[in-house]
Structure formats: structure tokens, C-alpha cells
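K.L.:
Sequence:
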Amino acid sequence: MTEEHSAQWHDEPTDYGQIGKLPRFTAASADDNKAASVASSLNITAAAADPELLDLPWHIALEDWPAENLAALPRGISRHIVRFAHLGGSVIAIKETSEHVARHEYHMLRKLARLDVPCVEPVAVITGRTTLDGRPLNPVLVTRHLKFSMPYRALFSQMLRKDTLTRLIDAQALLLVRLHLIGFYWGDVSLSNTLFRRDAGAFAAYLVDAETGELYPDLSLGQREYDLEIARVNIAGELMDLLDGGLIEEKVDPVATSELIMDSYRRLWAELTEKESFELGERWRVGARIRRLNELGFDVEEYAIKTTQNGSTIQLQPKVVDAGHHQRRLLRLTGLDAQENQARRLLNDMDSFRADNNPGMDEEYSAHLWVSQIFEPIVRSIPRDLSGKLEPAEAVHEVLEHRWYMSEKQERHIPLAEAVQSYIDSILRHRRDEAAIMLNPDTELLKILEVETEESRYGSDGSVDQYPDSDD
1 MTEEHSAQWH
11 DEPTDYGQIG
21 KLPRFTAASA
31 DDNKAASVAS
41 SLNITAAAAD
51 PELLDLPWHI
61 ALEDWPAENL
71 AALPRGISRH
81 IVRFAHLGGS
91 VIAIKETSEH
101 VARHEYHMLR
111 KLARLDVPCV
121 EPVAVITGRT
131 TLDGRPLNPV
141 LVTRHLKFSM
151 PYRALFSQML
161 RKDTLTRLID
171 AQALLLVRLH
181 LIGFYWGDVS
191 LSNTLFRRDA
201 GAFAAYLVDA
211 ETGELYPDLS
221 LGQREYDLEI
231 ARVNIAGELM
241 DLLDGGLIEE
251 KVDPVATSEL
261 IMDSYRRLWA
271 ELTEKESFEL
281 GERWRVGARI
291 RRLNELGFDV
301 EEYAIKTTQN
311 GSTIQLQPKV
321 VDAGHHQRRL
331 LRLTGLDAQE
341 NQARRLLNDM
351 DSFRADNNPG
361 MDEEYSAHLW
371 VSQIFEPIVR
381 SIPRDLSGKL
391 EPAEAVHEVL
401 EHRWYMSEKQ
411 ERHIPLAEAV
421 QSYIDSILRH
431 RRDEAAIMLN
441 PDTELLKILE
451 VETEESRYGS
461 DGSVDQYPDS
471 DD
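Residues in the sequence shown are numbered consecutively from 1, following the UniProt record's numbering.
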């Protein structure tokens, strides 16, 4: 990179206590700066300087980037120009937008990451982009692509079944509950603004787009309900598009299915926040409530018990709930980092292993034996050419499920090695490669996604979108 196209690095913003949206201090886009003098260098705001960012062609408009810089990942619908590119050993997502929106979204994602909310990792905001002849280019937001995740339209190359849609919506509802618990108002809830990863037969949802998001100490009922209504309307529209494209079963009612998020959200929210009254002789319900919260993946760090004036009943209300109960236990015992449902399934097998083999053994030591005798042998048994099919924790979960079904069908104990080989031959070899589909998606899938992306920026009739993105 020549001296006139060198970069100036800036530290990430540190005002994490900022409420609501990031204040606007700069011009909104490159178009607003045509009369201003052109900066002679890139301005990169990032938590850590990554010199490999400088190797990318920032002097070229994003839609014209050469193929050798791009990673062919399936993209969801976006009103912005979005491209995936290789950066060292990882893949990044690059979105062209206005400077204020890019900085605000970067700021929101950093806040959410600090609060341990499932979201994509922000890498940098890059401004001061110009072409070689000095024409200004729009700033970009750079995020790291979430490995083994896919947009909902790319989850299946064939028709999505109704129960699959239900699991996706349940995952979306759980993500929305987690966001609302920390005071985050999303403002644009949709399946398109979410990435999904497999999680022991279910799905784990991750926030992708935070440009409309705002963070407050608490959300009002009106804010939460408005977010929920946005989710219902957007999901209904997305399902109608899928139905028109023949990608979901004809018996699926898009409106009725989208309304499932309302029920799922309210059921979760009530379990996590509602007060519960019971008689003094029913103290066992305290433990039962905590177990139900643990099953949802939440820890109860604090709870309040209040005796009523007549002393006959007790009111219980969880005060602080924190997601990731099973993830943290698995990580503490084994060092394995998995999704919540995966962690729950692996912990169940770990506890059974301990009960069957070493019931009196220390929990940490028994967990170490389980990793060395169960988890690692399964992972090592998967051939190298099949290792991209699923992430390790999901593969181990599926092997354990397969072993259970084999044992039930054959009415005998199935050795682990036999179960692993049967799973590889009868199931894994026939699965599509979930790592490869992101790097080498089939032509038909990319064509569908490209057409839908274009129609989101222009009308399906080719007309320009009458409601462009707002920077407010």
C-alpha cells in the first residue's frame, strides 16, 4: 500500500454507558462529503490493529471487488451492499453504509459482546475511503463471520419443513428475550437479521444487524411489544416469500406461523420474570422454579422471597437471570465451548458416564475421563474429508443420539466404536457439508440469494426502493 493510502488506526469507543443511540458527530455518508477535502489515508477504528486489513482493496467500491478477495458465502437479504472476504485464517463480512450508522452499529455490537449476548463480532469501522482518482467511497463496517452459521434461507437446500420453521422461530424468540432482559431494543427483528447455528437438534440464534438497536437500563412494556410486533410482521413477510418460492410446505400458514413468536416470547418472558405465589408448605416450588430456569439455559444469581402480611403465602421472583447455565458448566468442567443445547446434551452423557463408571469420583476428574474416553475418540474418528460436515460438539451429540437409537432398536449395548462407524457410514457421509456450503454454496442457492438481495434494494419490478435506510 502506497504512502498516500496508508491507514490511521483509532481505538474503539469506550463510552459503554451511553444510553440509546450513539450521538451523531460526523457526516452521514460519502455523498455528504463531496465538497469536503478528501483525506489522504484510511481511518480505521478497531479494538486491535490488524495489519491484514490493509491488504484489501478499500479503494474499490464494494460491489466491484475482484473475485480473488471474496469468499463465496450465501448472503441473507440486505438493503446494503454486503460482501464476504478472506482475512487471514477467518472470513469477514463487509457492509457499505453511512459513517454514523457504521459507528453506531459497531458501538452496539461491542456493547452486546461485553454483555455476553449472542451476536457477530465487530472488527472495525473504516472511513476515508477514496478511489485512486480521489473520488470518495462510503464507509464500511467490518464484522467477523460466525463459523458454522447460516442465514435461515440457506439452512436447507430443499424445502423447509414446518417443524424446522417452528424451531427457528423459537430460537429467534429466545434471542429477543435475552436482548430485552439487558435493555436492548432491536427495532428491526427478523429472520434475515439473524444467523442460526445447529444446537443439538434445535437452533441457536445470533444477532447480525444492530444498526437500529438502542440500549437502555430497562425497556418499557411498549418497547418490548413494539419489537415483538415488528418481529411478527417481518417473519410473516419472510415466510410469504419462502412460500412463493416453493421453499416451505404449502400447508404452512405464514401469518399463523409468524404469530408463534408471540407465544414463545411471552412464555419465556413470564418464566423468567413473573412473580409466583404459593403456600408456606410448598417451599419445594422454589427449587422447581430454579430448575425450570436452568432447563431454559439460565442461571438464577439472585431471587427474592417475600412473605405476605397474613404469613400464609410466599411470593417468589427471580431478580437476576443470566443465560448460558449449561455452557458455563461444560466449559468449567471440560474446557469445551459449545452451544447451550449441545452443552446440556453432553453434560447429560457426562453425568451418566460418571454414574455408570465412577459414581463416587470427583466431578472434575470424571469429566476429564469423559473427554478423553468419549468426546475426543469420537472427534478423532471422523475422517478428515468429513470434518467440515458439522462442528465437533454437534457431531458428538449426533453420535450419542445415534448410539441410543441403535441400542433401542437392537436391544443391546452398542460399543462406542461401533456406533461411531455406523453414524459415519449411514448418516454423516450423506449430510451436506455445512462448512463447505458457506465457502462453496451451490449455484442454485447463490442465485436465489442474489436475486432476493437485489429485490430488497430495488423493487421486484426494478424500481428503486422508496424507503431507503434511515440514519436517524
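Hints were generated in silico from the structure; no laboratory data involved. Only a predicted model underlies this, so the values are computations on that prediction, with no experimental measurement involved. One thing to keep in mind: the hints can contain errors.
[Claimed, not checked] Okay, the calculated beta carbon distance ranges per label pair:
1. Pro51 - Leu221: 26 to 36 Å
2. Val286 - Ala355: 23 to 33 Å
3. Asn43 - Val233: 11 to 21 Å
4. Glu259 - Asn43: 20 to 30 Å
5. Arg332 - Ala355: 37 to 47 Å
6. Leu247 - Tyr405: 44 to 54 Å
7. Ala113 - Asn69: 19 to 29 Å
8. Asn358 - Asp188: 26 to 36 Å
9. Glu68 - Arg291: 46 to 56 Å
10. Glu68 - Leu221: 21 to 31 Å
11. Asp337 - Glu295: 48 to 58 Å
12. Asp11 - Leu247: 25 to 35 Å
13. Asn69 - Ala355: 22 to 32 Å
Every residue, glycine too, gets a C-beta built ideally from N, C-alpha and C.
K.L.:
So, for every hint listed, does it hold in this structure?
P.N.:
Consistency of the hints with the structure:
As the Cβ distance of proline 51 to leucine 221 is approximately 48 Å, the hint placing it in 26 to 36 Å is violated. Between valine 286 and alanine 355 the C-beta distance comes to about 26 Å, which sits within the given range of 23 to 33 Å. For the hinted restraint 11 to 21 Å between asparagine 43 and valine 233, the CB-CB distance of approximately 38 Å leaves it violated. Checked against the given bound of 20 to 30 Å, the beta carbons of glutamate 259 and asparagine 43, roughly 45 Å apart, lie outside it.
At about 19 Å, the beta-carbon gap between arginine 332 and alanine 355 misses the expected band of 37 to 47 Å. Distance hint for leucine 247 and tyrosine 405: a CB-CB separation of about 29 Å, inconsistent with the stated range 44 to 54 Å. Between alanine 113 and asparagine 69, the C-beta spacing of about 26 Å keeps the proposed range 19 to 29 Å intact. A hinted range of 26 to 36 Å is violated for the C-beta pair asparagine 358 and aspartate 188, which are about 51 Å apart.
For glutamate 68 paired with arginine 291, a C-beta distance near 54 Å keeps the hint of 46 to 56 Å intact. The hint said 21 to 31 Å for the Cβ distance between glutamate 68 and leucine 221, and at roughly 52 Å that hint is violated. Against the hinted window of 48 to 58 Å, the Cβ-Cβ separation of aspartate 337 and glutamate 295 comes to about 21 Å, which falls outside the hint. Distance hint check: the CB atoms of aspartate 11 and leucine 247 are about 44 Å apart, inconsistent with the given range 25 to 35 Å.
A hinted range of 22 to 32 Å for the beta carbons of asparagine 69 and alanine 355 is inconsistent with their spacing of about 53 Å.
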